[in-house]
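Using the sequences plus the hints, can you model the full thing?
First to last, the protein sequences are chains A and B. When we follow the working numbering, the leftmost residue of the first sequence carries the number 1, and every step to the right adds one. When we follow the working numbering, the leftmost residue of the second sequence carries the number 1, and every step to the right adds one.
Derived by calculation from the structure, the hints in this document are not laboratory data. Here the structure is a predicted model, which is why all the values come from computation and not from measurement. Check each hint, because a few of them may be wrong.
[What the hints assert, rightly or not] Derived DEER-like restraints, expressed as beta-carbon distance ranges:
#, chain 1, residue 1, chain 2, residue 2, range
1, A, Arg-18, B, Val-103, 53 to 59 Å
2, A, Gly-55, B, Ser-8, 22 to 28 Å
3, B, Ala-99, A, Glu-54, 29 to 35 Å
4, B, Ser-38, A, Asp-71, 33 to 39 Å
5, A, Arg-159, B, Gln-54, 48 to 54 Å
6, B, Arg-28, A, Arg-18, 38 to 44 Å
7, B, Glu-24, A, Asn-17, 39 to 45 Å
8, A, Asn-17, B, Leu-90, 35 to 41 Å
9, A, Asn-17, B, Asp-12, 28 to 34 Å
10, A, Thr-70, B, Arg-52, 43 to 49 Å
11, A, Glu-54, B, Glu-24, 33 to 39 Å
Glycine included, C-beta positions come from ideal geometry on N, C-alpha and C.
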Amino acid sequence: MKGSEKAWLALVKRYENRVYNYALRMSGNADDALDIVQDTFMAVYRNLESYRGEGAFPAWLFRIAVFRSTDLLRRRHKFSEFFEELIDQKNDNDPEPHLQQTRNNRDILNRLQTLSNDSRQIVELKFFQHFTFEEIAGQLGISSNTAKSRLYAALKKMREVAPGDKAIRS
Amino acid sequence: MQCSHCESLLMDYDSGALGPLERESVSRHLDQCDDCASQLAQLFEVQLMASRWQDERIPAFHPRRYLPFEPGGFAGTTGFSNWGPLLATLPSVVAVVLALVLVLSRMELPVNTDGYAVAADVSDVDYVSGEQLDQRLEDFEIIQNERLSQAVYQLRSRQIQQIESSQLLLRTLLEVNRQERYQDMDKLMVAWVQAQEQQSVSTEQDLRYLLAKQREDDLRLRQLSSAIRQVGNKQ
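Rendered as structure tokens:
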């Protein structure tokens, strides 16, 4: 096996599950999560040469993951606007039974889905991925002060919305 | 301290990144401001929620197209190794082409004024005209109709046999049932007759007993009346 392929395999092995769990929390379902993982690593592979070592690699990787997940979720949201009733019925009756999830994870997913995509993104990057505000700012293309404001707004939103409620997503 | 400022410092306050003076200031504000205190509590709650997440494994069925040598995946970073998937299918393509060449090369399409034929590796070919073909079709149809009629006849015969067999079975069962009932009736009669005989024997015995008793009573009566007469005579 070539050296570059070996290195790529090692990279994928190291970060694949992390990206998958990130995507799972962002999208709320395994199918979309797998799509995000696929898109992310394909994009990482294509853009690997552009990583010059500025900043930690995970931060760079997740910049791509954030972009891919935002893009997918935006496309899914447009899709759901056309088929709103169908989606609502599906969500009411089908809590992703094919996922082998713990009840705890399901509760967390439900809780995160009450947030808008932007709020969920910031909660994910800060509390689950443990990036600094500077790294988050780079990933989202905003200032670190804006990142902080968004985080606290998200926390406030989580206080207002009880678990099990559905907030209007932006 | 204003709430907006306190809020912006909460993360650093929690992680211990604030200096002592700033930390003291935030603590005092949290003691006085329920809103900020709730915000801090919410921060703890979300941290706890995040710590409870159990990482899930990526499903095994997930097609990893970003890996080399996975189905549909790209193979490595060099141009040469990008030909890998194509090279892998080459033997199949060659085999298909070879098979087509072999089949087509053995096919013959001889044509004459009477008709045409399609043949594979046959040197002598029978040419069949349209009329002959029609005749063959007619003969074939006649044979098929005959076979169909025979098949229908055999089927009906079999059905009749089955019906007769079922009827025979039913008759046999009825006869057996009747015989059993007769036997039961005979047994019942015998038992009844025996019971009657026993009863009559018992009745006869009772009668004899009663008669004997009566005779005894008569004798005693006569003896008593004789005794009474003797007493009367003496007086």
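For each hint, the structure was consulted:
Taking the beta carbon of each, A/Arg-18 and B/Val-103 are about 55 Å apart, inside 53 to 59 Å as hinted. Roughly 23 Å separates the CB atoms of A/Gly-55 and B/Ser-8, a value that falls within the hinted 22 to 28 Å. Between B/Ala-99 and A/Glu-54 the CB atoms are about 57 Å apart, so this pair departs from the stated range of 29 to 35 Å. Checked against the hint of 33 to 39 Å, the C-beta distance between B/Ser-38 and A/Asp-71 comes to roughly 35 Å, which is consistent with it.
Look at A/Arg-159 against B/Gln-54: about 25 Å separates their beta carbons, and that is not inside 48 to 54 Å. Between B/Arg-28 and A/Arg-18, the C-beta spacing of about 40 Å keeps the proposed range 38 to 44 Å intact. The beta-carbon spacing between B/Glu-24 and A/Asn-17, approximately 42 Å, falls within the hinted interval of 39 to 45 Å. For A/Asn-17 paired with B/Leu-90, a C-beta distance near 36 Å keeps the hint of 35 to 41 Å intact.
The given range of 28 to 34 Å is respected by A/Asn-17 and B/Asp-12, whose C-beta atoms sit roughly 30 Å from each other. Separated by about 26 Å at the C-beta atoms, A/Thr-70 and B/Arg-52 break the suggested range of 43 to 49 Å. One distance hint, 33 to 39 Å for the beta-carbon pair A/Glu-54 and B/Glu-24, holds here, with the actual separation near 37 Å.
Going down the numbered hints, you'll see the structure goes against 3, 5, 10, while the others check out.
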